[in-house]
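S.K.: Below are the chains, spelled out letter by letter.
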Amino acid sequence: MAEVLGRAVAWLIPLLLVLLPLYALYKRVDVYAAFCGGAAEGLALLLKILPNLLAMLVAIEVFKASGALDMLLGWLTPIAQALGIPADILPLAFLRSLSGSGALAMTAQLVDEFGADSFIGRLAATMQGSTDTTLYVLAVYFGAVGVTRSRHALAVGLLADAAAFIAAFWLCRLVWG
Amino acid sequence: MLGAVWVLLLVLGFLAAAYQGDIGLVTQGALAGAAKSLDLIWGLAGGIMLWLGLLALLRESGLMAKLARLLAPFMRRLFPDINAENAALGDIVLNFCANLLGLGNAATPFGIRAMQELERDNPEPGRATDSMITLLLLNTTAPTLLPTTIIALRAAGGSANPAEIVPLAFAASLFGLAVGLLAHWAIVRWGQGNG
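So the sequence lines, in the order shown, correspond to chains A and B. Just so we're aligned, residue 1 is where the first sequence starts under this note's numbering, counting upward by one. Just so we're aligned, residue 1 is where the second sequence starts under this note's numbering, counting upward by one.
Here chain A stands alone, though its shape is the one from the complex:
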């Protein structure tokens, strides 16, 4: 199942790479300038991400190198094992709703440590991709229009995150178990 899915998706990006510029050319877009303009936006985005990434990685590395993470995971492991969840993924599940760049850094960390095509590496990437940073989105969207009474927005947002993580775990186990 993973192979078929993988092969279908492997075609997706090459096709996009060819068809999108062709279509834009047909629509008389100045394709080269437009592409470069988009890439420049990417550069600005990277500059915005870097300080966040650095701040979070410093804190995460201190937390890890000091042995604090191992202590915490030691306490959480029995609970996770009872539920059939690998303990290494727990910190990511906690961080995902709080910090997009922090969770991204942790996903990168797990991919680096276990390998991109390990079960943990795949699960971390799937979880990372299955939801956005609920607290950040709430702050930005409601903050932008001055909504202060958010009613049950945060509760249903966090519930949706939890549901997405559980679904990601079961799907990964089904495909790569």
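Some hints here could point you the wrong way.
[Said to hold, decoys possible] Cβ-Cβ distance ranges computed for the label pairs, FRET-style: (1) A/R149 / B/D22: 40 to 50 Å; (2) B/R76 / A/G146: 24 to 34 Å; (3) A/A144 / B/G46: 28 to 38 Å; (4) B/L174 / A/K27: 29 to 39 Å; (5) B/L15 / A/L25: 54 to 64 Å; (6) A/A162 / B/W190: 12 to 22 Å; (7) B/A18 / A/L19: 55 to 65 Å; (8) B/V11 / A/V18: 49 to 59 Å; (9) B/Q28 / A/P14: 40 to 50 Å; (10) B/G62 / A/P78: 53 to 63 Å; (11) B/W185 / A/A82: 26 to 36 Å.
[Claimed, not checked] Stretch-level coverage of chain A by chain B, calculated; a stretch enters the list once three of its residues show a Cβ under 8 Å from a Cβ in chain B: (12) 13-25; (13) 52-58; (14) 93-104; (15) 110-119; (16) 123-135; (17) 139-153; (18) 168-174.
[What the hints assert, rightly or not] Not everything, but these chain A residues come out facing chain B in the computed CB check (under 8 Å): (19) V29; (20) A34; (21) C36; (22) L46; (23) E61; (24) V62; (25) F63; (26) K64; (27) S66; (28) A68; (29) V156; (30) L159; (31) A160; (32) A163; (33) A164.
Honestly, the hints are just simulated from the structure, not real lab data. Backbone N, C-alpha and C define an ideal beta-carbon position, used for all residues, glycine too.
Given the structure of chain A, go ahead and fit chain B onto it with the hints provided.
M.R.: This is chain B only, laid out in the frame that chain A set:
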């Protein structure tokens, strides 16, 4: 909130290192983390710029607007209290499409514009409407067909097929969205939903 989590990680790290009798671990960890962030950005940079370049073509060629029209009927069902002429609907569709394509940065301005339209028709300004919470859920779960950062990250990590997680992440995201929406509707229908 994020600041509190950040400080908590640092303080717990400090305490754990002191407890283990090797405070130098804190310094080592901090410097290692700082160095790692640059490695990480370097690995991601090419992929992100490539995708944002391609997505600019999508926008400029008008394909994104076409996608928006395609999804409009579906959106009307999700937002029953917005009438068809409301400008918010177009922005909501563009916001959803941008998320679908992994364009978080493009999605945000559309989403904020939609929120502003919704707030203008809000009978109780300052209190989130049902549609606002639905729009928020669409953005916190953010179903994405092209999670470009993650694909780039997996590619940088040496994956044989970096995009293979996409269908799973998308399905998990839709499941999260469905659960969130059901809870939202249940609260609106049977709960107080005040606050």
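S.K.: None of the hints should be skipped; say for each whether it holds.
M.R.: Now the hints, each set against the structure:
no.: 1; hint: A/R149 / B/D22: 40 to 50 Å; in the structure: holds, 49 Å
no.: 2; hint: B/R76 / A/G146: 24 to 34 Å; in the structure: holds, 26 Å
no.: 3; hint: A/A144 / B/G46: 28 to 38 Å; in the structure: holds, 32 Å
no.: 4; hint: B/L174 / A/K27: 29 to 39 Å; in the structure: holds, 31 Å
no.: 5; hint: B/L15 / A/L25: 54 to 64 Å; in the structure: holds, 60 Å
no.: 6; hint: A/A162 / B/W190: 12 to 22 Å; in the structure: holds, 21 Å
no.: 7; hint: B/A18 / A/L19: 55 to 65 Å; in the structure: holds, 58 Å
no.: 8; hint: B/V11 / A/V18: 49 to 59 Å; in the structure: holds, 52 Å
no.: 9; hint: B/Q28 / A/P14: 40 to 50 Å; in the structure: holds, 43 Å
no.: 10; hint: B/G62 / A/P78: 53 to 63 Å; in the structure: holds, 56 Å
no.: 11; hint: B/W185 / A/A82: 26 to 36 Å; in the structure: holds, 32 Å
no.: 12; hint: 13-25; in the structure: holds (count 7)
no.: 13; hint: 52-58; in the structure: holds (count 6)
no.: 14; hint: 93-104; in the structure: holds (count 5)
no.: 15; hint: 110-119; in the structure: holds (count 5)
no.: 16; hint: 123-135; in the structure: holds (count 11)
no.: 17; hint: 139-153; in the structure: holds (count 13)
no.: 18; hint: 168-174; in the structure: holds (count 3)
no.: 19; hint: V29; in the structure: holds, 4 Å
no.: 20; hint: A34; in the structure: holds, 5 Å
no.: 21; hint: C36; in the structure: holds, 7 Å
no.: 22; hint: L46; in the structure: holds, 6 Å
no.: 23; hint: E61; in the structure: holds, 3 Å
no.: 24; hint: V62; in the structure: holds, 4 Å
no.: 25; hint: F63; in the structure: holds, 4 Å
no.: 26; hint: K64; in the structure: holds, 6 Å
no.: 27; hint: S66; in the structure: holds, 4 Å
no.: 28; hint: A68; in the structure: holds, 4 Å
no.: 29; hint: V156; in the structure: holds, 5 Å
no.: 30; hint: L159; in the structure: holds, 5 Å
no.: 31; hint: A160; in the structure: holds, 3 Å
no.: 32; hint: A163; in the structure: holds, 4 Å
no.: 33; hint: A164; in the structure: holds, 3 Å
Going through the hint list in order, the structure satisfies each hint without exception.
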